[in-house]
Amino acid sequence: MDIETIAARSPGSEVYALGNEGVARGAIEAGVEFVSCYPGTPSSEISDTLCELSGPFGHEFEYSANEIVATEAAAGVALFGGRSMVIFKGAGFFVASDALFHLVLGRISGAMVIVACDDPSMHSSSDEVDLRMLAEAGSLITLVPSNVEDAKEMTLEAFKLSEQMRVPVLIRMSTRVCHQRGFIKLGDVPKKKGHMIDWDLLKDKWERFVPMGGAPVRGEMLKSIEVIERVKSIFEDSKFNVLVKGESDIGILCCGVARGYSLEAMKLLGIEASVLNVGTVYPLPEKLLKKFIKGLKTLIVVEELRPYLESYIRALGKDINLDLQIFGKWNGYFPKSFEYDTSIVISSISRALSKNEPVDHKEIEMRTRLADKLTLPRIPVLCSGCPHRATFYAVKKATKGKAIFTQDVGCYSMGLLPPFEVGDIVLCMGASIGIACGISCISDKPIIAVIGDSTFFHAGLPGLVNAVHTQANLTLFILDNGATGMTGLQPHPGTETSCGEHPAKKIDIEKIVKAIGVEDVKVVDSYNIKEAITATKESMAFVGVSVIISRRSCAILTRRERSKNGLKIVPFRIDPDKCDGCWHCIEKFGCPSIDKNGEIAKIDSVSCIGCGACAQVCPFGAITGENVNG
Amino acid sequence: MDKYEILIAGIGGQGIVSLGNILGHAARLSGFKNVVGGEVHGLSQRGGSVSSYVRFGSNIHGPIIPTGSADLIIGMEFMEGIRHINRLSKEGVLVLSDTKIPSMGMRIQDIAYPATEDVLPELEKVLGKVLMFNTVRIVDRLGHLALTSTILLGAIVQNVDEFPIKEESIRRSIEFSFRNCLIEKNLMAFQEGKRLSPFGS
Chain A
1 MDIETIAARS PGSEVYALGN EGVARGAIEA GVEFVSCYPG TPSSEISDTL CELSGPFGHE
61 FEYSANEIVA TEAAAGVALF GGRSMVIFKG AGFFVASDAL FHLVLGRISG AMVIVACDDP
121 SMHSSSDEVD LRMLAEAGSL ITLVPSNVED AKEMTLEAFK LSEQMRVPVL IRMSTRVCHQ
181 RGFIKLGDVP KKKGHMIDWD LLKDKWERFV PMGGAPVRGE MLKSIEVIER VKSIFEDSKF
241 NVLVKGESDI GILCCGVARG YSLEAMKLLG IEASVLNVGT VYPLPEKLLK KFIKGLKTLI
301 VVEELRPYLE SYIRALGKDI NLDLQIFGKW NGYFPKSFEY DTSIVISSIS RALSKNEPVD
361 HKEIEMRTRL ADKLTLPRIP VLCSGCPHRA TFYAVKKATK GKAIFTQDVG CYSMGLLPPF
421 EVGDIVLCMG ASIGIACGIS CISDKPIIAV IGDSTFFHAG LPGLVNAVHT QANLTLFILD
481 NGATGMTGLQ PHPGTETSCG EHPAKKIDIE KIVKAIGVED VKVVDSYNIK EAITATKESM
541 AFVGVSVIIS RRSCAILTRR ERSKNGLKIV PFRIDPDKCD GCWHCIEKFG CPSIDKNGEI
601 AKIDSVSCIG CGACAQVCPF GAITGENVNG
Chain B
1 MDKYEILIAG IGGQGIVSLG NILGHAARLS GFKNVVGGEV HGLSQRGGSV SSYVRFGSNI
61 HGPIIPTGSA DLIIGMEFME GIRHINRLSK EGVLVLSDTK IPSMGMRIQD IAYPATEDVL
121 PELEKVLGKV LMFNTVRIVD RLGHLALTST ILLGAIVQNV DEFPIKEESI RRSIEFSFRN
181 CLIEKNLMAF QEGKRLSPFG S
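Which chain is which? The protein sequence lines are A and B, in order. Just so you know, we're using the numbering used here here: the first sequence kicks off at 1 and counts up by one. Just so you know, we're using the numbering used here here: the second sequence kicks off at 1 and counts up by one.
Each hint should be verified, as a subset may be incorrect.
Coverage of chain A stretches by chain B, computed from C-beta distances (three or more under 8 Å per stretch; other residues unrestricted) [stated by the list, open to error]:
no., segment
1, 179-189
2, 435-442
3, 559-565
Across the chosen pairs, the derived CB separations fall in these ranges [said to hold, decoys possible]:
no., chain 1, residue 1, chain 2, residue 2, range
4, A, Gly12, B, Gly31, 44 to 52 Å
5, B, Gly31, A, Gly488, 33 to 41 Å
6, A, Asp200, B, Arg179, 48 to 56 Å
7, A, Lys537, B, Glu175, 39 to 47 Å
8, A, Pro56, B, Glu117, 36 to 44 Å
9, B, Val126, A, Lys297, 24 to 32 Å
10, B, Lys33, A, Met212, 55 to 63 Å
11, B, Glu117, A, Gly12, 52 to 60 Å
12, A, Pro335, B, Glu175, 28 to 36 Å
13, A, Pro56, B, Lys3, 32 to 40 Å
14, A, Pro11, B, Arg179, 18 to 26 Å
15, A, Glu626, B, Gly31, 51 to 59 Å
16, B, Lys3, A, Thr298, 24 to 32 Å
17, B, Asn134, A, Gly488, 33 to 41 Å
BS3-like cross-link-like pairs, simulated, lysine-lysine; straight-line CA separation at most 27 Å [stated by the list, open to error]:
no., chain 1, residue 1, chain 2, residue 2
18, B, Lys33, A, Lys185
19, A, Lys294, A, Lys239
20, B, Lys33, A, Lys355
Derived by calculation from the structure, the hints in this document are not laboratory data. We put the CB at the ideal spot given by N, CA and C, even for glycine.
Chain A on its own, in the form it takes in the complex (with noise of 0.2 Å):
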């Protein structure tokens, strides 16, 4: 489903959409008026789309700062009485969750909801925290989908649900219902918006964000249990809790994508049972799976991650049906972590009944085998013409290797992969600091920290100000390459636009080090290797806080301006006669546009950019070409 289709097609039209796009229609259908994010995969899809989206459909949005600042600025929304939604990925959960369980015992006067997707198996994350966990922990009030039309309706219930008890409501995706496809048909979309309230008439402002603990945010906290207590007699009668009922006293409970993997699973073993799939995963309907429970003698409890729904039934299960059996992660029967398929839950279920797998496990390992042997993994590189490949060329030319290297999330966490291995911790969003701050407590070994330009406005800044302050010593990278490039080339406070062509304010990087304190800033251009390499060096020397600012536009960026602007790419190449075959351009500087042809190096002319980086490596001079930027 492009952009065209979803904000052309009329209502009633059917569409093969990603989960992701499930949620943004959903969020259009329900009248969504402001929308925030910090862009991660796998929730990418849903923040892009409500941006392109926000020209027809006349919603605010904006990429914010970060996953806090967004969810407060979604919370200032609501607040005043409009409909807004806030995105990010499971780890911009963490980072928005002193807000969000602040959030839970205020009361909003219009909607507010929280699209939060996990990562099972960790595609592209480092961390598998199961979100349910923590929603509960916080008393958050959430939807999980199963698959598209699921993203799409629970969406749109969501946003009812915020506006009727006052409350956010998060929707707790993962990256398989993200990235799901389906045929969902689109429904209207609603011309009146949520209503304003009058700030001066608001009689109790102090009661709905409680500025201070003791007495008043006690009070708070019993009306808030009160609320849940409401939803949740709501929910024992939710559409989204789908119990399909079968002929035996089996049943299985499941939970979010795990659905689809227990039906099908369900069908290829034979097996009669009656399956209830739980969609509102906080607070449970209690009563609902208390009744589910009763009849039952064997009861398979199917979800990813964590056993949330297991640990409540196999509560509740003492008081109702004390001889039922329990089968999931608790007695080792599924596994407890990374992400099912309908093998696994078959290969679970077979477990559990003692009964034989329908599938030749034989086959499949020799299949595995043989595919094993005859494939190599394929690890994503910097891509053609990525600055930040110069940036670490020169970075271990001038090290020699010879240094910490504290690196953060980005496209430039691959540096830390050959040929460069410039990369030794990689924690979390702006921890390249921090950490380098702890390490230049106890050791004198030179640190140097790498950062991206997004990532040093999301969680860098605070680093950086504890850095200069605390006196650390440490050279710090900020790879500016003018976009949050890894999810997206979405902006961020450093870039003139904001969401699609709007003009915004672009924070200068170099005028923030200065003004934190930064005695010694240096400013280079990426693919000037040489310039880098002596920059380095100077900063190592530097005793303090070092920044070298490398900048230069993301190339797929550059090739997309190059291409509006109707400028030519003129490819480098190789001079055959210099070329020596050394394959130092392939084996220490890596560009994926240089191969072995013969005994001399080639340059794709199709990939390559023209940044003329490689010139600079070549020890024979036998890269040629002119420059993209002269």
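Following the hints, put chain B in place on chain A, whose structure we already have.
Leaving out everything else, chain B in the frame of chain A:
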């Protein structure tokens, strides 16, 4: 035919996701009401592996093709197609393009790309059917690597037995899926693909 599952594999930039969409729409146009797709995006834009699933028919609910279950694998890149053969059913068909893109790791470590004549016999010993098509030649002529997908679709329609999606549905889906200027090119690529004969079993 009560269900059919297609796995598309390749690398970022090859149009894996678009091919999934074309097939999803085409399956629907061919009369399958229940169509579910799944994509792994991840770091696709950085030259990583990408795969996309299209599943339709009865008892299809989840987005992932179970191991031993796919009816067809479309390998838009030679090695990427082979990577997923444990998802192929016993009788399933492996369709491979001769597009070979060595990974950066292979180049840095100087590892040669596996030779077709070494790999095909091993696959043929184990799999139900392997069909490899020379798409590179047509791509070179038509000028876009992304056309590999529609070339292979043409080859599949002509060479894969009991392929349940109708040719007419694919044509309509192509017309629906691409911008105006690309429709004709893709239809041409589809037509060229139909004329290809496999050099596998």
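Against the structure, the hints come out as follows:
no., hint, verdict
1, 179-189, "holds (count 5)"
2, 435-442, "violated (count 0)"
3, 559-565, "violated (count 0)"
4, A:Gly12 x B:Gly31: 44 to 52 Å, "violated (20 Å)"
5, B:Gly31 x A:Gly488: 33 to 41 Å, "holds (35 Å)"
6, A:Asp200 x B:Arg179: 48 to 56 Å, "holds (51 Å)"
7, A:Lys537 x B:Glu175: 39 to 47 Å, "violated (59 Å)"
8, A:Pro56 x B:Glu117: 36 to 44 Å, "violated (54 Å)"
9, B:Val126 x A:Lys297: 24 to 32 Å, "violated (42 Å)"
10, B:Lys33 x A:Met212: 55 to 63 Å, "holds (57 Å)"
11, B:Glu117 x A:Gly12: 52 to 60 Å, "holds (55 Å)"
12, A:Pro335 x B:Glu175: 28 to 36 Å, "violated (44 Å)"
13, A:Pro56 x B:Lys3: 32 to 40 Å, "holds (37 Å)"
14, A:Pro11 x B:Arg179: 18 to 26 Å, "holds (25 Å)"
15, A:Glu626 x B:Gly31: 51 to 59 Å, "holds (56 Å)"
16, B:Lys3 x A:Thr298: 24 to 32 Å, "holds (28 Å)"
17, B:Asn134 x A:Gly488: 33 to 41 Å, "holds (34 Å)"
18, B:Lys33 x A:Lys185, "holds (13 Å)"
19, A:Lys294 x A:Lys239, "holds (21 Å)"
20, B:Lys33 x A:Lys355, "violated (32 Å)"
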